[in-house]
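With chain A held as given, fit chains B, C and D onto it using these hints.
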Amino acid sequence: MAVSKLMSENEAIERFVDDGDTVYVGYTAAAYGLCHAIVRAGKKGLEAVGGSVGPQGTMLFLAGCADRVRSGYIAGALRPGLVQDMMEDGSLKYEDYSNQGIALMLMAGALGIPFIPTRSFLGTDYLRPDYQDHPGGFLGPGQKWAEMESPFDGQKFVALPALRPDVAVLHAQRADEDGNVQAWGHIGDAKWAFWAARKVIVSVEEIVPHEVIAADPGRTVVPGFRVSAVVHMPFGAHPSGCLGYYDFDYAFQAATSTRINRSREDWQAFADEWIHAPGDRAGYIRHLKEHFGDDALDAIRVNAGQSPQAPVHYGYADQLRFRL
Amino acid sequence: MAVSKLMSENEAIERFVDDGDTVYVGYTAAAYGLCHAIVRAGKKGLEAVGGSVGPQGTMLFLAGCADRVRSGYIAGALRPGLVQDMMEDGSLKYEDYSNQGIALMLMAGALGIPFIPTRSFLGTDYLRPDYQDHPGGFLGPGQKWAEMESPFDGQKFVALPALRPDVAVLHAQRADEDGNVQAWGHIGDAKWAFWAARKVIVSVEEIVPHEVIAADPGRTVVPGFRVSAVVHMPFGAHPSGCLGYYDFDYAFQAATSTRINRSREDWQAFADEWIHAPGDRAGYIRHLKEHFGDDALDAIRVNAGQSPQAPVHYGYADQLRFRL
Amino acid sequence: MTNPADDYTLAELMCIVAAREMPPTGVVMLGMGLPVLAGTLAKLMHAPGISLCTEVGAFDWSPSPDVARAPIGIHDFNLNDGAAMVTDMVDALGTLLMGGNVDVGILGAAQIDRFGNLNTMVLGDYRAPERRLGGTGGNTEIACLAKRVLTVMPQERRRFVERVDFNTSPGYIDGPGARMRAGLDPQGPNRVLSTFGVFGFDTPDGGETGSCEMVLEAIFPNLDPEAVKIETGWDLAVAPQVREVDPPTAEELSLLRRLDPYHFYLTPGRY
Amino acid sequence: MTNPADDYTLAELMCIVAAREMPPTGVVMLGMGLPVLAGTLAKLMHAPGISLCTEVGAFDWSPSPDVARAPIGIHDFNLNDGAAMVTDMVDALGTLLMGGNVDVGILGAAQIDRFGNLNTMVLGDYRAPERRLGGTGGNTEIACLAKRVLTVMPQERRRFVERVDFNTSPGYIDGPGARMRAGLDPQGPNRVLSTFGVFGFDTPDGGETGSCEMVLEAIFPNLDPEAVKIETGWDLAVAPQVREVDPPTAEELSLLRRLDPYHFYLTPGRY
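Chains as they are written, first to last, in this note's numbering: chain A, 2 to 325; chain B, 2 to 325; chain C, 2 to 272; chain D, 2 to 272.
Extracted from the complex, chain A is given alone in its bound form (with noise of 0.2 Å):
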């Protein structure tokens, strides 16, 4: 509780990424200053998972920090390029569910149950016999899913095994010294994996006092509790973006995952220029506005969107007349 866990991000990455590790990489609460710092420290083996794996997933394939992926969607394979290479050549393996399936296997995997079933997947050639040991893949057949029948009413489902990553690196919107962390907006399948992961890292715009966490317990999607560390990282989720903070660089995003994918020349240009050199999301901010001006970062300003209304009151009656 009185332990603060803030560290640099740097730090955070050390002390709670091992190689090989099971690494939650989202798209909707994208870490990209902690992936950036995971590319610094050199890590390897790792297994990026996430209902959608974003462009900073991409960044821990194309730095071979990551060579397995599971996942429903991803980002760098989109259009061709470096990853569609490195799929389709073995160096990066893949199991391929869905935003669902991964959503579904993190919660089954937080709320430590062994499956979760789901009418999903049903009359696809996913669950083809002949695709399940299929050379790209990593976890061999019988690991992947089960089909299976309702022992109550005879319906056919797919068992999705829980799932719980050995870490995960969340971006937010405020926490506390403790890691209590606050987020609002649509999250996509963070919210899960804030609970399915064994070891949790966020980094965050704000640091709050404890009180204010307290003053709305109701907007917590994680007690610190079950947080290892915290980062103070003003726009740790660049160029992605934060509610409230600023919005998607989409200028800065298509040209650099466009970019980064296209060559091992390209991709190791843009790690030293953007992730090795600058040292951390600070220097990476400064870095910015050297090259694209002071100004760089007005075009994702927020300058629209609302803010609550009517007043919310955990109120009670501290003293009562009580008759037994």
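Hints are not guaranteed to be accurate.
List time: in silico DSS-like cross-link candidates among lysine-lysine, alpha-carbon distance up to 27 Å [to be verified]:
#1 A/K94 / A/K45
#2 A/K157 / B/K157
#3 C/K148 / B/K6
#4 A/K45 / A/K6
#5 D/K148 / A/K6
None of these hints come from the bench; they were simulated from the model.
For chains B, C and D alone, kept in the frame of chain A given last:
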């Protein structure tokens, strides 16, 4: 969307509760006013379900509206009285689960999956073969749960069948006329009842403009398209409480819950005075003040508790610097 | 209807026709890509009563009439502005979709086949891919579990194929009864909106009976059914009466273009 | 330690001893009844580092030092005041408890037996009840899934029974290995805090080996182990060295009483 779902409690019950329905009657979002309306409407053959079925459910048993209960805790059976007698003489059938069991079964119902695994109940007498067809029950063997092993690791678990109540009656802090409901505070199993039930009837302390809902959509627990009826019912949870509006009326509760459970005569006297004669919740509150004085509600007025401190902004950029 | 706009692309009309296909009310789950643009257009013009939802967790999104853009994908923050509820993916693809609350799913894909199956996964053999794609996202569960599916796809012979290389998203699979045999519910009436026309499926009951094959029902102005057949990879069934699709109205076209200010959606080669 | 308070009830000391049993840190799930009072006392005095949680959905509740009352049951709204997170029952009994995040569960019950099994369901035969009880609430899952369990129960022969009438909440079931055979994890070290003393269980490894029977380890001041045996429904095992429990300190007793201003918890006959 644009069709108002606002109506009186008596109309809502008449239109959306049918004899024989399985009715979610929980503990946390206790809809006393709606349960009183069920008693007034003289519904028959209902089954009450909930992780815990609170004293408002007791009234459904005593009034003869409900003759079955599927729950982990039955408030009316805590101490000797009519409810225990009914369970012992067979006039109230029961299937015992647990709070977690029912909560998970509601979640499974909401998720549209046939069952949910749990490691609870393992090692208990719930699973004794000779208890599966017990005289007090109504589900029959094989329908209550199933002991299974995980196809992935052989882990033993109990499969709990999905539970989809025909209708849920709930009380919350506020909603708009479309039925978008906002609630805050610890909410027990009510969260999943809003999604598991085929029909949702909700009473609220305040009807707010849709703009209030849209200003903080993260506070919404169920969207209007899942809600059948919204009832504007101040003090609709009394003698239970509504966080931020009034606390539990422990004095009233302690007095009445013991009394109504003591004898048929006591129950009938209570029902006549507090349910039938008042006609609706407004009449009930008027009678409360006539009976206990105009300051009857002072003891439960909220005078402690917190409100959100720090700003929350659902902010984004409405103009982007976009390059493809 | 006002004078038809005479200067429009087939892709623009495809999105407009998709918007026209929306029912007046119901819960609509938006897939990735063009469905977001078409759904936004429908909500603002053709079907204000629908409840637009995304797998990311925005429920019943009602954009203001002067919204600056259709969401740039389903992660756009502007989906939080006007939503009645925002939550997570399990609530969206689980509680909402699996729970049976989604009336219409609107999808895109890389390939579609004669039974309306979609492929978002791979070109060629899954075990030895010619070209690997990004993956299915929520496409699979929407196809499995929505009560109706609308598919928006450019009419190209390489994409309208006899049999999808990988069936990520079941339509009628391999014909009548197949969905039910697989453990899925009937689904429909489904529609495909392409850059050439509008297709239905030959089944009166969501896949129980009928051939369950795609049927050309309506065609865009100044196009010939033969042109559609040329861009279709199987012997396409054609309805006895092929209706001609109304061209875009000036209002439809101007709103559609206003909703895509960065040409994120309608830049040729991106859809 | 300050001068012991000399005027206290055995029930008061039971709650105080339960509070003393709390580890310095860890996640604690509060069962219904006296556990709420004992947990609140521990958080404010003995173990400020613990994270108190309830099945209703309050996580890491940190009451202010001058809190007006221990929560009147786990539904008391004051559990929202000082909590780090408030959520629902699936998150509490599912994600938190089943997920393996609960270090200590603290429970009460109607009956306990020599293996620490609890009964919250029925007196007599479940198929022909002598007396039906309210039910288990979250007691069953906490007993199944918490890493350790502390049980708080008045020492009465009718409640400390050879075998519970209905095992709602497994301790060591029927002896060594039984939890694992049932599919549960080992659990412990468990403790029972009664109105007469403190009990452990004869197992070094959470139920794999040892007799797994309840053992009297400490006794309240001025009580004789024979008195405990008289109020125990089986031949109770007694540790070679039975420690005497320290009486309440003045601080413990005054805080405990301040936390129960309405005698909701410590009115004889209510626990």
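Hints versus structure:
1. A/K94 / A/K45: 14 Å, holds
2. A/K157 / B/K157: 21 Å, holds
3. C/K148 / B/K6: 24 Å, holds
4. A/K45 / A/K6: 25 Å, holds
5. D/K148 / A/K6: OK: D/K148 and A/K6 at ~24 Å, within 27 Å.
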